[in-house]
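Visitor: Chain by chain, the residues:
Number of protein chains: 2
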Amino acid sequence: MSHGSTARHEVLSVVFRVSPPAPDAPAELCVLLWQRALAPDRGAWALPGGTLGDDENLPDSARRQLAEKVDVREVRHLEQLSVFAEPGRVPGLRTIASTFLGLVPLVADPVLPVDTRWHPVSALPRTAFDHGTMVSHARTRLVAKLSYTNIAFALAPDEFTLSTLRDIYCAALGYQVDTTNLQRVLTRRGVIASTGRTAPPGPAGGRPATLYRFADARLRVTDEFAALKPPG
Amino acid sequence: MSHGSTARHEVLSVVFRVSPPAPDAPAELCVLLWQRALAPDRGAWALPGGTLGDDENLPDSARRQLAEKVDVREVRHLEQLSVFAEPGRVPGLRTIASTFLGLVPLVADPVLPVDTRWHPVSALPRTAFDHGTMVSHARTRLVAKLSYTNIAFALAPDEFTLSTLRDIYCAALGYQVDTTNLQRVLTRRGVIASTGRTAPPGPAGGRPATLYRFADARLRVTDEFAALKPPG
Numbered sequence: 001m002s003h004g005s006t007a008r009h010e011v012l013s014v015v016f017r018v019s020p021p022a023p024d025a026p027a028e029l030c031v032l033l034w035q036r037a038l039a040p041d042r043g044a045w046a047l048p049g050g051t052l053g054d055d056e057n058l059p060d061s062a063r064r065q066l067a068e069k070v071d072v073r074e075v076r077h078l079e080q081l082s083v084f085a086e087p088g089r090v091p092g093l094r095t096i097a098s099t100f101l102g103l104v105p106l107v108a109d110p111v112l113p114v115d116t117r118w119h120p121v122s123a124l125p126r127t128a129f130d131h132g133t134m135v136s137h138a139r140t141r142l143v144a145k146l147s148y149t150n151i152a153f154a155l156a157p158d159e160f161t162l163s164t165l166r167d168i169y170c171a172a173l174g175y176q177v178d179t180t181n182l183q184r185v186l187t188r189r190g191v192i193a194s195t196g197r198t199a200p201p202g203p204a205g206g207r208p209a210t211l212y213r214f215a216d217a218r219l220r221v222t223d224e225f226a227a228l229k230p231p232g
Numbered sequence: 001m002s003h004g005s006t007a008r009h010e011v012l013s014v015v016f017r018v019s020p021p022a023p024d025a026p027a028e029l030c031v032l033l034w035q036r037a038l039a040p041d042r043g044a045w046a047l048p049g050g051t052l053g054d055d056e057n058l059p060d061s062a063r064r065q066l067a068e069k070v071d072v073r074e075v076r077h078l079e080q081l082s083v084f085a086e087p088g089r090v091p092g093l094r095t096i097a098s099t100f101l102g103l104v105p106l107v108a109d110p111v112l113p114v115d116t117r118w119h120p121v122s123a124l125p126r127t128a129f130d131h132g133t134m135v136s137h138a139r140t141r142l143v144a145k146l147s148y149t150n151i152a153f154a155l156a157p158d159e160f161t162l163s164t165l166r167d168i169y170c171a172a173l174g175y176q177v178d179t180t181n182l183q184r185v186l187t188r189r190g191v192i193a194s195t196g197r198t199a200p201p202g203p204a205g206g207r208p209a210t211l212y213r214f215a216d217a218r219l220r221v222t223d224e225f226a227a228l229k230p231p232g
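Going line by line, the protein sequences match chains A and B.
Under the UniProt record's numbering, the first sequence has 195 at position 195, and the numbering climbs by one with no breaks.
Under the UniProt record's numbering, the second sequence has 57 at position 57, and the numbering climbs by one with no breaks.
Excised from the complex, chain A in its bound form:
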């Protein structure tokens, strides 16, 4: 085994957004992909990103490269995920990829370049290299973090009804959750709070729904063991 040689380093971002529900389709978790126009893997869909610049750190590089595909002001949360370093994961020079998880709120609908689209995670087109694995890995991390952090703040509008929040959780988790349970757990743990306002009634009328907001707009663990809380 030889040691000490160098590799290319790339930064790739898995950016998720829940698409709003339509009359004929439920809300869905979607990922931002662009279609490769050149070899290798021409026609396959790839994650936004590229080679780390000589004078860049990883988050700066992720934001710079994302900016070519999407308005980064719409990316509410961006965190380093993992490293993919299998030899031969892409053709040619050895390339090590650092992945980031990015989240865009449901209401945001940033203008995209012509080669770029939101694809439902449940029905991905042909993906380039190991990018499909990266999407699965990021989705698994998102699902785990939904269970012990407030990370859904970055997928939700600033204010939302419980019905919208349930749509977001169901889409992100990939299975049904009960609105009443969701409200009870997230309120008790201080993750969401009522704004005291109500949403305008929909076309069907009915009782106006309370608007909620996330208590924090930064990631935090919401569910520490009480016995392990630091003193003070």
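No lab work stands behind these hints, which were simulated from the structure alone.
Quick reminder that beta carbons are idealized off the backbone N, C-alpha and C, glycines included.
Every clue listed holds true.
Per the computed footprint, the stretches of chain B lying under chain A, defined by three or more beta-carbons under 8 Å from a beta-carbon of chain A, are: (1) 51–57; (2) 78–88; (3) 144–151.
A short, non-exhaustive set of chain A residues, derived as facing chain B with CB atoms under 7 Å: (4) Thr6; (5) Ala7; (6) Asp55; (7) Asn57; (8) Ala85; (9) Ser98.
Chain A is already provided as a structure; the job is to place chain B on it using the hints.
Guide: Same frame as chain A, now just chain B:
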């Protein structure tokens, strides 16, 4: 800014162990470091690791390089942590570091090379490059994971009294926790279970203490929001 150049990639492991309490010293969280005999940063203490091999993936590289410093069979848990990629973080060729978190149980006391020692995290010697930051980052992650996973399984002996378990949590967290609360929370959540056996009485006599064990010897999130549990 130039793009497309290459970098060296290294893999570094932050391996923690709780030292057993002694008559004159409490249990302490310690980290495995070796002292650099050569420039750069001669005499400073460094994390075990080195350059990623051409045909290696990251976990294989971490285990291979750890094996030079410590019996890797004693490393009960090893997981990828983060990437450190600031330009200029080490002198010379740009070097990107992937860090791993490794945990060794309290009872294990592996033979170490002469240049290698366990250092209390609360009183580190002069550390090389950005390795001190990596230790802090790893400790923060360990503390966070203690609050929502069963990760303490990898720091504990196979069977332990509640008093030993409290020593481990206090050392790893860096503050006091109450034995009764710890037992109540970890038992209720199915993290630990009684073995039905008791420890031999100590020199002071007294009632024999119940021996507990961790229910799982693999990392899992122990505290999902009940409302978000997948169906079935």
